[in-house]
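Engineer: The chain contents come next:
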Amino acid sequence: MHVPKIVKIKRIIEESPTVKTFIFDWEVKNEIPGQFMMVWNLHDEKPMSISMIDPLKNEIGISIKNIGEFTGQVHELTPGDKLGLRGPYGRGFHIAGSKVLAVGGGIGMAPIVAFSEEASRIGVDVHVVSAASTMNELLFDDRIQRSRSKLLTCTDDGSHGLCGFGTDLAEKAMSEDDYDMIVSCGPEIMMKKLFEMVEKFKIPAQFSLERYMKCGMGLCGQCCVDDLGWRVCVEGPVFWTDELKMITEFGKYKRDSSGVKHSIS
Amino acid sequence: MHVPKIVKIKRIIEESPTVKTFIFDWEVKNEIPGQFMMVWNLHDEKPMSISMIDPLKNEIGISIKNIGEFTGQVHELTPGDKLGLRGPYGRGFHIAGSKVLAVGGGIGMAPIVAFSEEASRIGVDVHVVSAASTMNELLFDDRIQRSRSKLLTCTDDGSHGLCGFGTDLAEKAMSEDDYDMIVSCGPEIMMKKLFEMVEKFKIPAQFSLERYMKCGMGLCGQCCVDDLGWRVCVEGPVFWTDELKMITEFGKYKRDSSGVKHSIS
Amino acid sequence: MTILEIKLCGIKMRNPTMLAAGILGSTASSLNWAARSGAGAVVTKSFGLSPNKGYANPTTVEVTGGVINAIGLSNPGVDNFKDELLKLNKSVPAIASLYGANPEEFSEIATRVEGLVDALELNVSCPHAIGGCGSAIGQDPLLTAEIVGSVKKSVKIPVFVKLTPNVTDIVEIALHARDAGADALTMINSLGPGMRIDIETGKPILKNKFGGLSGPAIKPVAIRCVYDVFDSVDIPIIGVGGIRDHEDVLEFLYAGASCVQIGTSIMYEGMDIFGKILNGLERFMDEKGYGSVDELVGIAHK
Amino acid sequence: MTILEIKLCGIKMRNPTMLAAGILGSTASSLNWAARSGAGAVVTKSFGLSPNKGYANPTTVEVTGGVINAIGLSNPGVDNFKDELLKLNKSVPAIASLYGANPEEFSEIATRVEGLVDALELNVSCPHAIGGCGSAIGQDPLLTAEIVGSVKKSVKIPVFVKLTPNVTDIVEIALHARDAGADALTMINSLGPGMRIDIETGKPILKNKFGGLSGPAIKPVAIRCVYDVFDSVDIPIIGVGGIRDHEDVLEFLYAGASCVQIGTSIMYEGMDIFGKILNGLERFMDEKGYGSVDELVGIAHK
Ligand SMILES: Cc1cc2nc3c(=O)[nH]c(=O)nc-3n(C[C@H](O)[C@H](O)[C@H](O)COP(=O)(O)OP(=O)(O)OC[C@H]3O[C@@H](n4cnc5c(N)ncnc54)[C@H](O)[C@@H]3O)c2cc1C
Ligand SMILES: Cc1cc2nc3c(=O)[nH]c(=O)nc-3n(C[C@H](O)[C@H](O)[C@H](O)COP(=O)(O)OP(=O)(O)OC[C@H]3O[C@@H](n4cnc5c(N)ncnc54)[C@H](O)[C@@H]3O)c2cc1C
Ligand SMILES: Cc1cc2nc3c(=O)[nH]c(=O)nc-3n(C[C@H](O)[C@H](O)[C@H](O)COP(=O)(O)O)c2cc1C
Ligand SMILES: Cc1cc2nc3c(=O)[nH]c(=O)nc-3n(C[C@H](O)[C@H](O)[C@H](O)COP(=O)(O)O)c2cc1C
Ligand code: FES
Ligand code: FES
Chain A
43 MHVPKIVKIK RIIEESPTVK TFIFDWEVKN EIPGQFMMVW NLHDEKPMSI SMIDPLKNEI
103 GISIKNIGEF TGQVHELTPG DKLGLRGPYG RGFHIAGSKV LAVGGGIGMA PIVAFSEEAS
163 RIGVDVHVVS AASTMNELLF DDRIQRSRSK LLTCTDDGSH GLCGFGTDLA EKAMSEDDYD
223 MIVSCGPEIM MKKLFEMVEK FKIPAQFSLE RYMKCGMGLC GQCCVDDLGW RVCVEGPVFW
283 TDELKMITEF GKYKRDSSGV KHSIS
Chain B
43 MHVPKIVKIK RIIEESPTVK TFIFDWEVKN EIPGQFMMVW NLHDEKPMSI SMIDPLKNEI
103 GISIKNIGEF TGQVHELTPG DKLGLRGPYG RGFHIAGSKV LAVGGGIGMA PIVAFSEEAS
163 RIGVDVHVVS AASTMNELLF DDRIQRSRSK LLTCTDDGSH GLCGFGTDLA EKAMSEDDYD
223 MIVSCGPEIM MKKLFEMVEK FKIPAQFSLE RYMKCGMGLC GQCCVDDLGW RVCVEGPVFW
283 TDELKMITEF GKYKRDSSGV KHSIS
Chain C
3 MTILEIKLCG IKMRNPTMLA AGILGSTASS LNWAARSGAG AVVTKSFGLS PNKGYANPTT
63 VEVTGGVINA IGLSNPGVDN FKDELLKLNK SVPAIASLYG ANPEEFSEIA TRVEGLVDAL
123 ELNVSCPHAI GGCGSAIGQD PLLTAEIVGS VKKSVKIPVF VKLTPNVTDI VEIALHARDA
183 GADALTMINS LGPGMRIDIE TGKPILKNKF GGLSGPAIKP VAIRCVYDVF DSVDIPIIGV
243 GGIRDHEDVL EFLYAGASCV QIGTSIMYEG MDIFGKILNG LERFMDEKGY GSVDELVGIA
303 HK
Chain D
3 MTILEIKLCG IKMRNPTMLA AGILGSTASS LNWAARSGAG AVVTKSFGLS PNKGYANPTT
63 VEVTGGVINA IGLSNPGVDN FKDELLKLNK SVPAIASLYG ANPEEFSEIA TRVEGLVDAL
123 ELNVSCPHAI GGCGSAIGQD PLLTAEIVGS VKKSVKIPVF VKLTPNVTDI VEIALHARDA
183 GADALTMINS LGPGMRIDIE TGKPILKNKF GGLSGPAIKP VAIRCVYDVF DSVDIPIIGV
243 GGIRDHEDVL EFLYAGASCV QIGTSIMYEG MDIFGKILNG LERFMDEKGY GSVDELVGIA
303 HK
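Protein sequences appear in the order of chains A, B, C and D.
In terms of the working numbering, the first sequence opens at residue 43 and continues consecutively.
In terms of the working numbering, the second sequence opens at residue 43 and continues consecutively.
In terms of the working numbering, the third sequence opens at residue 3 and continues consecutively.
In terms of the working numbering, the fourth sequence opens at residue 3 and continues consecutively.
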């Protein structure tokens, strides 16, 4: 049933000045990195990627960047406070290949860290490119290192790791190493650049898209993308490059809650 | 779903001047002798016991005595005509014991023949008392004999078998033989007498009751019996003597379609 | 006294559940059975002045999330039904559901049974009644008021009025019933009406062609009706429509119902449904620290 | 020409199914996707004069047998929507669903899009529209007639009117729409409205508190509405409400619908639902020896 289940916040981890991870007790069935939850704070409901899946302790986590009204409200909550969760929704990352490059930018690291943990657990050699604007916005370093994935970091201001964008670091990695597959989540301009790169390197890749979501369950059409009309909430949010080639609006524009288009820049 | 399934009449067997058996293709799952179907002839819908269950050929049959408008209409149908069936409904006969006496009176033989076939098949030694008003109203002789049950017949007018009532013949059988259990279906006055008899002989017994039915699915309350309020369509139509002792109206009265009581005589 | 006990229009009930009208309520025996099974009160099948066979079969057919029925208010008439009322074991309050064609008929029946029951429920909302007896009344605010007024003048016991959701504005009808003196409102009677057509033959399955929709499928509408009326009418509401478990009961209480009735789900769960729901409700209240059902009523409006 | 082909108000459709308004109909891309998936025609999301964000989330929640939704008619406004209409691949007829607050608004929008679509569907029946745009109109026979009349005067393409079941008498509304010039009637918009309350917090889940009920749960009511209106109104009926398989489609045709729309069940079955239904329908007609869909229409009345 597509109905929010009320859960209590179990722990909150301050990941950075703007990002918090909220952990819940949750009976893990087949939650997959790249899938998302619809999160209801009793006022509004928004999509959030699953950033942590612990099938042993039966916990999941979501990591939220404070950028507006809703995310601001959620950031004010404390352990014991209630949220409504429904999901998991959408199609997550397909884990394939034995050496994988995972590229996350900003809060896009949320599904990427979950992916790197899950993939490492089953023996995949994961290299993670973690990109942020500045050092103390770099997310999940410790979890990535603990998962035995290789961590490559970069910051826009050079305060940590390579000075530059995630795409620069990813390009470096791709020229130095042979990857079977790439997965990525982050700002769409970053992913657009990465998309062109993987085309050049001829590496299969999956990208996680964000579009405005209302129902999350494939009904309202708010998240449909041109030209095929696919629903990001059901057919996505993760797409292979083959599919992305038919999503002509990728990297160009997205629609807001009334359906008006806004260009991506 | 409690929805009539339209089936075509496959064969019709004329059992007697007033009784016909209608056979249908039907995926037999766990239909049990003593259970009934709601039979819709596209005008009215009435309860009818399952009189034949063939799990190999996937067929079931119902046997209908022509006594009024509905039964008259169904008697006019020919093979290929459609009826709507829903069911099976109710609790059938529990097969128990190694030597069982099955007592049927008139059209009450319908579930009894199904019982004797089923019980014989699993190795129970079944003796059947088949009672009718007159010889050519005796039902299902051939099937009972084929099932290797022992057939005892009687008619009110003595035209075949013992001259007398089913209860007389049953009493004779009970005094001559040791039965582990009795099952019965027929006119309620017959069953009432048999009920008193088995009390005397201290033999466990099950009786199949008829009450006016509308929904057949336990909702409308039309078939509820005093004093416990049980629904004949769900808790019945088959009851053990223990249960019958609490059905105080048994043998006394029944209600019609408006709920008005009529005494049984 | 347990935490489930409530008082409805002065009537003490051991818990906030009732058997809904017309489900297994045609005999004292089945009403007593519901009481033995845990119901906090029982409502009879609706009865009228004279015996009524109702419609021919099929009178019920299942649909997604419930059933549609056109029983047609079959009942043995008030005089025969009085015999049943006399046999009620009185372990819980009994409510007589009445129907009629006009104010006089309603009052006549009400007077005849007043001494035998704890309250009356006026069924002005059956969506498949014969001869203008049912929702034809409940869809007309003035006629509803007239009938309620007439019955209120005739009897002293509390009078509940059962409303149909099949109107453009249920609040308007509720206000008229209240103004005419209704002591409580029961909401909702079956919805629609609806129809189911057989695919093979093209025939509407019910003999009456259409019938009222009941069961879990109608719960969202019932909840909304209760919620809306709670906001504008100050008499108790008895919630009914699609209840299958204790969470459904909570939803009705939160919306503003003081207590609830259970009907169609007995088809799925049997009479045990009352026991199961009461256990669930008591456990929930205990866990959350609620001391009485009243504390739950109307929470969704806060 | 296949046996599934029909003609509706002069518009040729390759089969009698349409995508219902508001389900995945906000972009040309998704409308084209429905067409590629088999839909015989597509209806857009309802749009109005100016961009509308609709209600905040939660805008949808599942219930037994369907969902309740209060999307609130979010749309980018007619001017932006014209860009979408221009991108329709035109492989199947396209129907623009419009809403407005008064006759002038309806006519204005209708005129602006007339050249881009094959027909209009007037949404006077949304149960959760802002500012009197939705069922507030469709519950008023005179206002409905006024709007239909006004649009009919403004455009030459066929005008369908989509009715709400949330009225005391849908036949009355249907007759008024017909008399005002409606070319066809679409029935039904979502029902109720309904509400779902969260058990843990006591809060209505939808931001707008209540929303329209859709999905299999409402099918019996939709079938009855189509059946009733077919008896009294002589223009084509487009049936909608709860269709999930080809048997449901047959039920609507038998009741009197000339064709059908499919909405909520896409949530259960995905876009493949059109292909599955068309296969089922064609197989059924073939087995029974039907030569055209028209032969199925209204069978339940015989
Ligand atoms: C599949 C998916 C996964 C996401 N995962 C995460 C995550 O793990 N962590 C995280 O912090 N954020 C995530 N987001 C983005 C998050 O949903 C928005 O940032 C958030 O809704 C902003 O809400 P706000 O009120 O704080 O800001 P607002 O000021 O309301 O919005 C800021 C921007 O967020 C986007 N947004 C707002 N509402 C929605 C909505 N209902 N659906 C989609 N986008 C919206 C719009 O682009 C908007 O311009 C995800 C989005 C999607 C679609
Ligand atoms: C559980 C059960 C199993 C039955 N099995 C058989 C069977 O195998 N074969 C058979 O021929 N008959 C069976 N009957 C009886 C059968 O249902 C009725 O005889 C039949 O409905 C009479 O219909 P009619 O229109 O022909 O006669 P009517 O003239 O309408 O009725 C004659 C009598 O049949 C009974 N009856 C009528 N309608 C119903 C009803 N809806 N429910 C119950 N009783 C009714 C009443 O006692 C009535 O007085 C069974 C009844 C029940 C309750
Ligand atoms: C078979 C059946 C018979 C009913 N008979 C009556 C009746 O006689 N009087 C009445 O007021 N309501 C009657 N109802 C309506 C119920 O009391 C109740 O209002 C409705 O079914 C919704 O509740 P539910 O979903 O729990 O069944 C009947 C409903 C059913 C299913
Ligand atoms: C999410 C959602 C949005 C809808 N939006 C509209 C709309 O914009 N205009 C309209 O006329 N109907 C709208 N409807 C109603 C549907 O078109 C349809 O009439 C109703 O849902 C019943 O059909 P169904 O059960 O197949 O969904 C919407 C329904 C849903 C579920
Ligand atoms: S958010 Fe509604 S279809 Fe994707
Ligand atoms: S026939 Fe309706 S309850 Fe038994």
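No lab work stands behind these hints: they were computed from the structure.
This structure is a prediction, so every number in the text was calculated from the model and none was measured.
Among these hints, one or two may not hold up.
What the hints assert, rightly or not - No farther apart than 27 Å at their CA atoms in a straight line, the calculated lysine-lysine pairs in the DSSO-like style are these: (1) B:Lys294 - C:Lys92; (2) A:Lys107 - A:Lys47; (3) C:Lys14 - C:Lys84; (4) A:Lys107 - A:Lys242; (5) B:Lys107 - B:Lys244; (6) B:Lys50 - C:Lys92; (7) B:Lys50 - D:Lys304; (8) C:Lys154 - A:Lys50; (9) A:Lys107 - D:Lys55; (10) D:Lys290 - A:Lys62; (11) C:Lys209 - B:Lys107; (12) A:Lys287 - A:Lys214; (13) A:Lys47 - A:Lys124; (14) C:Lys211 - D:Lys209; (15) B:Lys192 - B:Lys234.
What the hints assert, rightly or not - Only part of the chain C face toward chain B is listed, based on derived beta-carbon distances under 10 Å: (16) Ser32; (17) Arg38; (18) Ala138; (19) Arg198; (20) His248; (21) Thr266.
Said to hold, decoys possible - Where chain B lies over chain C, by a calculated footprint (3+ residues, C-beta under 8 Å): (22) 18-31; (23) 50-61; (24) 146-152; (25) 278-286.
Glycine residues also receive a C-beta, built at the ideal position from the N, C-alpha and C atoms.
Engineer: Now look at each hint and say whether the structure bears it out.
Structural biologist: Comparing the hints with the structure gives:
{"no.": "1", "hint": "B:Lys294 - C:Lys92", "in the structure": "25 Å, holds"}
{"no.": "2", "hint": "A:Lys107 - A:Lys47", "in the structure": "22 Å, holds"}
{"no.": "3", "hint": "C:Lys14 - C:Lys84", "in the structure": "23 Å, holds"}
{"no.": "4", "hint": "A:Lys107 - A:Lys242", "in the structure": "32 Å, violated"}
{"no.": "5", "hint": "B:Lys107 - B:Lys244", "in the structure": "33 Å, violated"}
{"no.": "6", "hint": "B:Lys50 - C:Lys92", "in the structure": "50 Å, violated"}
{"no.": "7", "hint": "B:Lys50 - D:Lys304", "in the structure": "21 Å, holds"}
{"no.": "8", "hint": "C:Lys154 - A:Lys50", "in the structure": "50 Å, violated"}
{"no.": "9", "hint": "A:Lys107 - D:Lys55", "in the structure": "23 Å, holds"}
{"no.": "10", "hint": "D:Lys290 - A:Lys62", "in the structure": "63 Å, violated"}
{"no.": "11", "hint": "C:Lys209 - B:Lys107", "in the structure": "23 Å, holds"}
{"no.": "12", "hint": "A:Lys287 - A:Lys214", "in the structure": "24 Å, holds"}
{"no.": "13", "hint": "A:Lys47 - A:Lys124", "in the structure": "10 Å, holds"}
{"no.": "14", "hint": "C:Lys211 - D:Lys209", "in the structure": "38 Å, violated"}
{"no.": "15", "hint": "B:Lys192 - B:Lys234", "in the structure": "24 Å, holds"}
{"no.": "16", "hint": "Ser32", "in the structure": "3 Å, holds"}
{"no.": "17", "hint": "Arg38", "in the structure": "8 Å, holds"}
{"no.": "18", "hint": "Ala138", "in the structure": "22 Å, violated"}
{"no.": "19", "hint": "Arg198", "in the structure": "7 Å, holds"}
{"no.": "20", "hint": "His248", "in the structure": "21 Å, violated"}
{"no.": "21", "hint": "Thr266", "in the structure": "7 Å, holds"}
{"no.": "22", "hint": "18-31", "in the structure": "holds (count 8)"}
{"no.": "23", "hint": "50-61", "in the structure": "holds (count 8)"}
{"no.": "24", "hint": "146-152", "in the structure": "violated (count 0)"}
{"no.": "25", "hint": "278-286", "in the structure": "violated (count 0)"}
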